[in-house]
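Residue numbers (our numbering), protein chains in the order written: chain A, 187 to 307; chain B, 45 to 367; chain C, 5 to 505.
Incorrect hints may appear among the rest.
[As the list claims (entries may be wrong)] Capping the alpha-carbon separation at 25 Å, the derived lysine-lysine pairs in DSS-like fashion look like this:
| no. | chain 1 | residue 1 | chain 2 | residue 2 |
| --- | --- | --- | --- | --- |
| 1 | C | K360 | B | K327 |
| 2 | C | K62 | B | K101 |
| 3 | B | K318 | B | K346 |
| 4 | C | K150 | B | K260 |
| 5 | C | K501 | A | K216 |
| 6 | C | K502 | A | K216 |
| 7 | B | K151 | B | K192 |
| 8 | B | K327 | B | K192 |
| 9 | C | K234 | C | K296 |
These are calculated hints, taken from the structure and not from any lab test. Source: prediction; values computed, not measured.
These are the residues of each chain, in order.
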Amino acid sequence: MGKVSRPGPGFLPFGLALILSALSIALIAKSWKREEQSVPFWPERGWVRPLLGVGIFLLYAVLLPLLGFILTTFFFLICWMWVIERIRWATILPISIGVTAVLYLIFSYFLEVPLPAGFLS
Amino acid sequence: MLKKMLVGIVLGSFLLLPLLAGAQEKYPTKPIELVVPFAAGGSTDVLARLVAKYAPKYFDKPLVVVNKPGGGGITGTEGVVRSKPDGYSLFVGYGSGHDLVTPHFQKMPYDTFNDLVSVCRLSIHSIVMIIRGDAPYKTLKELVEWGKKRPQVTASVSTKAGSVDITFQAVGKATGLKMVTVPFRGGAESVTAIVGGQTDCGGNHPSEVISHIKAKRLIPIAVALENRDPAIPDVPTFKELGYNVTAVGSVKGVAAPKGTSPEVVRYLAERFKKVCDDPEFIKSMKDIGQPVMYQGPQEFAKFMKEGFAQYGQMIKEFNIKLE
Amino acid sequence: MGEIWGMFQGLAGGFDIAFTLTNLTFALIGAVLGTMVGILPGLGPSATISLLLPLSFKIGSPVTSIIMMAGIFYGAMYGGSTTSILVNIPGEAASVVTCIDGYQMAKKGRAGPALGMAAIGSFIAGTIGVLGLTFVAPPLAEFALKFGPPEYFSLTLFGLLMATLLGEGSILKGLIMVVMGLLLGSVGLDPISGAIRFTWGIHMLQEGIDFVTLAMGMFGVGEIFYNLEKVLKTELVTRKITHLWPTLKDWADSKWAVIRGSFIGFFIGILPGGGAVISSLVSYAVEKRVSKTPEEFGKGAIQGVAGPESANNAAASASFIPLLTLGIPGNAAIAMIFAALLIQGVQPGPFLITEKPEIFWGVVASMYIGNVMLLILNLPMVGLWVQLLRVPYSILAPIVVLFCCVGVYSIRNTVFDIYVMGIFGVIGYLLRKVNLEPGPMILAFVLGPILERAIRQALLISAGSPLIFFTRPISGALMGMLILFIALQIFFSIRNKKGNQ
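Put together the whole structure using the sequences plus the hints.
Here you go:
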């Protein structure tokens, strides 16, 4: 960790961790003192949609190298709009196709970013 | 007589057919990537881009410079090591600090000498000691005298445990000064530090400081090479001044991954040599303070091993340690 | 007097050069490209400039090449504020502060005025910056040279302090976020000792966490996850979108913010490294402090957009000063321009202005023109952008997430970064739930490494003595201001508490 006059690499993280602990205790103590009505962290099962969102996001990351950009993006959009937002299929399909196409154009064509192609490569 | 020749030619061309059928597409068929494992704008990057600028005259396909900085140069180099040995991904900067110095201190994720094939050497960026134009000392001798009376002498260097850092620690030991090296993020930052007078002296490559030398803001007082650097011929070597600090500096060569075919290496070496012989290229290099020092594959490979050993010896002789 | 006349002559010559058809065209190309790059997540101006380097050889003329590249650079500044305001995603570190009040304004239906004020403020700041370039460049550059590690430490510490004041949370919460940001910033390779921290053997983390990944995760994706809790069938904007343009009141409120921001940005932005970020922070803090309605800050105060945006544009102009007068590049994008110049046989340095005046003045003049072009480009687009907000959030949300994913992927071509962004998205979401502001955290993340490097370098130079921070004049002055500031804060908060009793 080094001396104070010649800090080594471990010095900063250690010091910061100490300060963080002290501050957190202060914060907890402060809110303990205040008499607040207990507000539910997730009112009315509010955690459902965010969890779905995180889940679909993860799925996207997992499937991207396998299925390639175009397919995965397309499915991502369909999934999200249908599962989370319950939008009509008539709206979902053209938007999914459109957005996938535009994204592909901008990033792969214009900017020449190599996008994963999955098993189609 | 003519008839015999005609028959010979016709027969000969028949013989060529199977050869052509079995032959592959001639290398190169697509642009070649030059990977520079340092940030854009640095001396290695500029060298690669200058080479790429003159390459179309001599190469059949363009050379494209790609920057992959990180890990002091190891990240980008490792990328080339692990790429396909088809000759389309080359490492420029072979012989830099992370090749010749770092392996003496740390375990590397690849073998610098066996996982890479030397293609050729392009230039050497020597390590020159510079001081500010308005410093109270004007030569190495004066600096040493001045420094002996002080608790420490600070030197700005570009990367911790890079070639410059190690060389300066050796200078400290050789001169008996308490030399403290202050690392910065790369050459540009360390030049800013010494120009601004943040440290007593600095270690850089000539190309990084040549415009400042011309403006008399910085004065080069010694160079750590066996012989004087052609880019700064008026600067004496440490050896001449009586301190046995000699190294090969930061070597800038081209390397390909192990397994690249000898034909490809030969093609590359030949064409790079042509670029190095181009008078406009030589002039451009001189303007930016980089000497053109071409060396072919075999000599370069040998040179690399010798340079590595020389650093090893310097580390041992001056007992240099990483903190 | 003669000197000033000489400068006017130089500038006139520069306009001559800048007004050729070729140079005007390339300035426009640069400006448009830069704006696009600033809006699209992931790609940054330095990457774009490096892609275009080979093109600059074909152009042949060094003046034209720099004009184009400079256009990309400050065009990106203009574009970066657009995403900050519309979808709370900072294009780069200097735009983070704009997110805070800019996005709030967008949510209240005032995206138009926010974008408009940002563009106009940027224009005025850019002009002031170029004026500064013209007249005070060389002496200012000399001054900047005096900034060594101790000065950087004091300045960055000052900036971090400002960061704790961001948004509307309490100072304690701000401090916690700053500390967390500092911890995050220490992930990766430590340049001073070579040791690797907090990577748990994951190779991809060796270079540390990329700013864009962190920003898009915590700000963009995190915001979306957070909004998923409420079923928003409507548009993002909760109130009706009112005027498209800033009102006269907006003007009156912001004009001093713009002026102050421009000067702050110009003088701090000249410093290599974190100049632009620190200047936007200082501008925000100054505006909050001098405002008659400080409680508005964090909820959509227009000065909170006008000030920092002006600051970061002025800083962009100022960052050319070390390059053109001393030959020292201040950040990655400028370093690319530096390399481009070298390759074309031009040596940026003290002699540039005398040996090749056409380059110096040509670039300066084209920066004036570039600013005008960008204003003309960006203002009409405000209407376009605001239409984007009309899209129902339920559709907009997944599109924004996708944009972030692709943008983040384009940095290193690895899915690992998408995972990292996702993790930060969850963190950003949870932080919002407990009312902790991500802003100070991300700023500490950027400034932390600078701070740590500076203090260790400074202590090496001073052989371990911390006195160096106070004995050197500039650093001493900064530390003095810092202490005074903290003292004032404590004083005021005690007085407020007493007043409330």
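Right, here's what the structure says about each hint:
Distance hint between K360/C and K327/B is fulfilled; the C-alpha atoms sit about 19 Å from each other, no more than 25 Å. For the proposed pair K62/C and K101/B, the alpha carbon gap of about 14 Å is at most 25 Å, so the pair holds. The straight-line distance between the Cα atoms of K318/B and K346/B is roughly 22 Å, inside the 25 Å bound, and the hint therefore holds. The suggested pairing of K150/C with K260/B holds, with an alpha-carbon distance near 18 Å, which does not exceed 25 Å.
Of the pairs offered as hints, the one joining K501/C and K216/A holds, with about 15 Å between alpha carbons and a cut-off of 25 Å not exceeded. Proximity of K502/C to K216/A is assessed by CA-CA distance (about 18 Å); at most 25 Å being required, the pair is judged to hold. Restraint check for K151/B and K192/B: the C-alpha separation of about 36 Å exceeds 25 Å, so the hint is violated. Taken as a hint, the K327/B and K192/B pair is broken in the structure, with Cα atoms around 41 Å apart against an allowance of 25 Å.
Straight-line distance between C-alpha atoms of K234/C and K296/C comes to about 34 Å, which puts the hinted pair past the 25 Å bound.
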